Amino acid sequence: MKNAAELIKIKEETLKNMKSYKYNIRVCGGTGCTSSGSMKIIDELEAQLEKAGIRDDVNIVQTGCFGLCALGPIMIVYPDGYFYSRLEPEHIKEIVKEHLVGGKPVLKYLYSETVNDGEISAYTDTVFYRHQHRSALRNCGVISPASIEQYIAMDGYMALAKVLDEMTPNEVISTLEKSGLRGRGGGGFPTARKWVFTKNAKGDKKYVCCNADEGDPGAFMDRSVLEGDPHSVIEAMLIAGYTVGADEGYIYVRAEYPIAVEHLTTAIKQAREYGLLGKNILNSGFDFDLDLRLGAGAFVCGEETALMRSIEGKRGEPIPRPPFPAIKGLMGKPTLENNVETFANIPQIILNGADWFASMGTEDSKGTKVFALGGKINHTGLIEVPMGTTLRQVIEEIGGGIPNGKKFKAAQTGGPSGGCIPASLIDTKIDYKSLTDIGSMMGSGGLIVMDEDTCMVDMAKFFLEFTIAESCGKCTPCRIGTKRLYEILEKITSGRGEIEDLDRLEELASHIKEISLCGLGQTAPNPVLSTLRYFRDEYEAHILEKRCPAGVCKALLSYEIDPEKCRGCTLCARKCPVGAISGEVKKPHTIDKSKCIKCGACMEGCKFGAISKK
Amino acid sequence: MSNCSCVPFKGTKEQQKKLEAAIEKYKDQSGALMPVMQAAQDIYGYLPIEVQKMIASGLNVPLEQVYGISTFYAQFSLSPKGKYAISVCLGTACYVKGSGKIFERLKTVLGIDDGGCTPDGKFSLESCRCIGACGLAPVLTVNEEVYGRLTVDDVDKIIEKYKALD
Amino acid sequence: MANVNIKFNGIPYSVPEGITIIEAARLVDVNIPTLCYLKDINEIGACRICVVEVVGQRNLVASCVYPVSEGMEIITNSERVFNSRKHNLQLILSTHDNRCLACVQNGHCELQKICRDFGVDDVNMFDGEINHYEIDDSAEHMYRDNNKCILCRRCVAACEKVQGVSVIGPNERGFNTHIGCAFDQPLGDVACVGCGQCIVVCPTGAISEKDHTKSVWKAIQDPTKHVIVQTAPAIRATLGEMFDYPIGTNVEGKMVSALRRLGFDKIFDTNFGADATIMEEANEFIERLQNGGTLPMITSCSPGWVKFCEHNYPEMIPNLSSCKSPMQMLGAIIKTWYAEQNNIDPKDIFVVGVMPCTAKKFEIGRPDQSASGYPDVDAVLTTRELGHMISRAGIDFKNLPDEDFDNPLGESSGAGTIFGATGGVMEAALRTAAEKITGKQASEVDFMEVRGTEGIKEATYNIGGVELNVCVCSGLANARKVLDAVKSGEKKYHFIEVMACPGGCINGGGQPVQPSAVRNFVDLKSLRAMALYSEDMRKTIRKSHENPAIQKLYTTYLGSPGSSKAHRILHTSYVERDKF
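Protein sequence lines correspond, in order, to chains C, U and H.
FYI, the numbering for the first sequence is 1 to 614, going by the working numbering.
FYI, the numbering for the second sequence is 1 to 166, going by the working numbering.
FYI, the numbering for the third sequence is 1 to 580, going by the working numbering.
Worth flagging that the hints you see were computed from the coordinates, not collected in a lab.
Keep in mind the model is a prediction, meaning the values are calculated, not measured.
One thing to keep in mind: the hints can contain errors.
[What the hints assert, rightly or not] Here are the simulated DSSO-like pairs of lysine-lysine, each with C-alpha atoms no more than 30 angstroms apart in a straight line:
(1) C:Lys513 <-> H:Lys86
(2) U:Lys101 <-> C:Lys269
(3) C:Lys16 <-> C:Lys269
(4) U:Lys27 <-> C:Lys104
(5) C:Lys595 <-> U:Lys101
(6) H:Lys39 <-> C:Lys513
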């Protein structure tokens, strides 16, 4: 591969080849759909096509994530873009026969929202998709991540060619600056400034690192990009290397992401074969190569200095900044580190221009943001929306609202570092400043929705439990302080709380925030502080009334049998593991509270809804 | 926090060759230790002292450094998992129904402690927190299989069953 | 380097660019408390005690690692800073064994002092779950009690960065993090060399030497025992620190006086043993040089170094001089020659070494160290332990008269004295070897090139037409560098002096513990060494072979250096040990 012209040739050939098929079928091969069985769908599809004798007419592309994980496995049939959801292998025979041979889509297997009175609408018009704008995810669910040609067909590596042919490092930086791109890993630091610092740092050797150690519980944005579009990250790292003067890079990815690792490995190999990694790239004199390093199960390695220690083969313990990695990073050399989503945006910004990117979003937050929607929401999955979209749009429209008619209580962003947004602030715009102002943060993109059945004290405790398990143990406030915070929460949820504990919580939380060594400790108290801010009454109920309003904290619950509803079937007595329920057959039963361990087995078993917890 | 494994190390020549190859491959790279340890974990399934010594010698780093890393990252394990991994729920419901006694019985029958593995590599034993099967208490799992409403006598039968399975 | 203008608590100063806040504070007489910080080797910002306010920064910053910059305004004395430090101390105390009165560091503990300074009035404020650790008493020379460990990691830095021994480190993570050996093996089972550098940097009582004072008190009170004490060259230069003398004060006369008042029957000087060592070692060197023996020859006075060599460079054991250390030589001479001359059964003699060294506690139990059939030395006290014994006995050290060592084994040369500083053994050996090789009286006795506190020193001397390449190193991390260079063939030396502790015995693991506030900003090594070099200058006899008592030992008993009798009594052997 010598120049842009060769890239264009490959693009044209690939597109021509794809047009030669009667059908192009995209099947989601992301982690979500894979675990719901999409590989079996592909096998069955191939078998049935073979049987029907039309295997050569159909091109099957195994892509990255489509986003609507709740409806997986998903398959889209082009040229029409018909969207099949929740497929079972048994459905395939019918789809091949009716749709691919007969030309009539099988309505009953299509995503119900795309079918109205027998009319099929474009899936892009559904509420899930129509508010989205896919920039970082542009190729996810579109191309095969295992094919560099398909990436090139989507103008892949054209941004690199443009940078190497036409742009100076300063021009690249000023483009990024004008675009307003900020780090998508959580901190929101202006990307251009990081690049300038690293570029200006003195050093005979520099590195570019990609932080793919996504660890927030419930977050899988970066995983989806790496699984679905690994070349976009490689291309951006090449651009970064050229700009800051680095010739070597590392992608640090969680070992728990086997598909991402596989696709990245393939992509690196392909890029080397095409001469897009290595020496004298595109005949420009620019050398750059990169390697994968796998995480080994330590959340703290998402912190940039800890990540570098880990790449160096050490315990992933953060080190104080300054000096910042841009000056003294990996192996003591100037290092640029960005997160996956940040990188994935960059080729688009180069090709479409800074203005295109800056046209999306708000004053201080440009472009789009990818979120992993999870928790008590109908459309769990992956979305990308312009900055400034309101939380209400995300939850009620794109997310399809709360299941089972429950009430929205709060949303949590930023994982263990973030905070919760109460229902009263559902019209908050999603941008860096607005979220920080209300005591939460953008975070890397995990968005957990909670309904009325969620106890906010328990939620805070859950995140603290996560933090203490993941604290590296180096600095005092995080090592001991977070443990003590957790213990106070434990005390409150087990009914031993005193009202003074709330002051101690606040005092300790702000102490930890103020003097911890790294971001993990500095943000660890946020879930406590934000729930205290918006749900103080819940804390007080636990302490003063010894009551958990959401009915979650076991120690504060009591189970009762409604004598009106109980038919005396004895099932509950038989289910109870500790023999706490007694009563005569066909007469109302009672629970001995001193024996009850609150496991809930009786309530689950009761066919008459006679047992309730309070 | 039991770090010691009572399973005698049974590394083969072949495994050692593989580890040596991994050391050779990464030796001259910066940050070689992690990838080599990950390779070793793949080869042996865990990182006992014998393996960590090979790594420390091969890469010329202190053994304590290797151990410090192996206990920092959750992915690394110091004791092997048995072919049949037994987990006994010691959550409240199971405990009050006598899972503690069942756990003790297993320790005696298998001759290993919490977190241990039998010398033939067949069984490993650990306690766990509530697995949400309180209605079946007391409960244990063998790999994915759940056994509930157990008595101490059932323990021997279950072990016999798996012994017979090879 | 350019200067920057900064403010401390509102007062403007100009300080060098690029230094840290804590270094700048020192320049302007502001003290900032620290627990983890050790200059150059442990700048990790972990304990968070040294936090200060920097105007414009949202959070407090760790002054030990944060560099000053133009216009920076630093506040060290605000309520916010005080409260933060206090809370942090209370968090530490919530996991710390707070039984201070029964702690060996009581009164000297850095944590205790900072708690007092910051008015910690409630040690139970953050009480909660704690981890309990077994005390590791497996090593011959020390205890490790992790219940008192505050995870400052100074010991780890000393073990790894200074000594290159690296047998301890942080294990596990988060709240379960603790300092230990690989697989949490006891220290006695790993390649710990016993140097004690971890002890002298520990800010609490988590690490301390094994107490030999009990057996020494017992021997003194036992009428059937003839109890002889010998003091290493470096003790006279440091014992004063236990009684608030300025660092580097030579208190030899008062030390002897105090020992006599403690009830020792005889007070001898390990300097005599050092002179004997030179007699044997110079002879051994010349033999090797002239008869094609294994070169380079490496000194063997430092038991920490010897053990390090046995674990890490067993292939170089033939390079080690077979000479016992001065302490062991003197012990052996006491239990043979002295015993015979005074008609005392060696089994009734109890020899106590006062040493700057914890590895000596291990050395006395080594094989092949019992010339008389009984151990050459029976107990080893560190400088600290001796200081504590003097205090317990109610001896008013400062007002003691100066007294002299007993004869004949209290007589020594200046060459023996300088054994206590890095380069001293080499210089002493050269003074003797030069005259032995040339057969002429040398006028020059000062070998300045091998003096000084640098970790590695090299020199070439032309002695009797032979070019001798010598190397002196201290701190085992430096020894590693030197040995690797020798092994690779990069360096060719004839004679190497290795001292396990950086700077030599004056900075040994048994020396008085100076708090980090002193250690970080005062050059302990030079100040203490100065006391020894001035004594050498004052002495009329400065060469070991000119020590009349030494001459008498050889003429009346041993014959000549290297004789078979000398070998039996004054030489030893080594064993290969595991690397891990």
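Cross-check of the supplied hints:
no.: 1; hint: C:Lys513 <-> H:Lys86; verdict: holds (15 angstroms)
no.: 2; hint: U:Lys101 <-> C:Lys269; verdict: violated (55 angstroms)
no.: 3; hint: C:Lys16 <-> C:Lys269; verdict: holds (25 angstroms)
no.: 4; hint: U:Lys27 <-> C:Lys104; verdict: violated (60 angstroms)
no.: 5; hint: C:Lys595 <-> U:Lys101; verdict: holds (20 angstroms)
no.: 6; hint: H:Lys39 <-> C:Lys513; verdict: holds (27 angstroms)
Checked against the numbered hints given earlier, the structure breaks hints 2 and 4 and satisfies all the rest.
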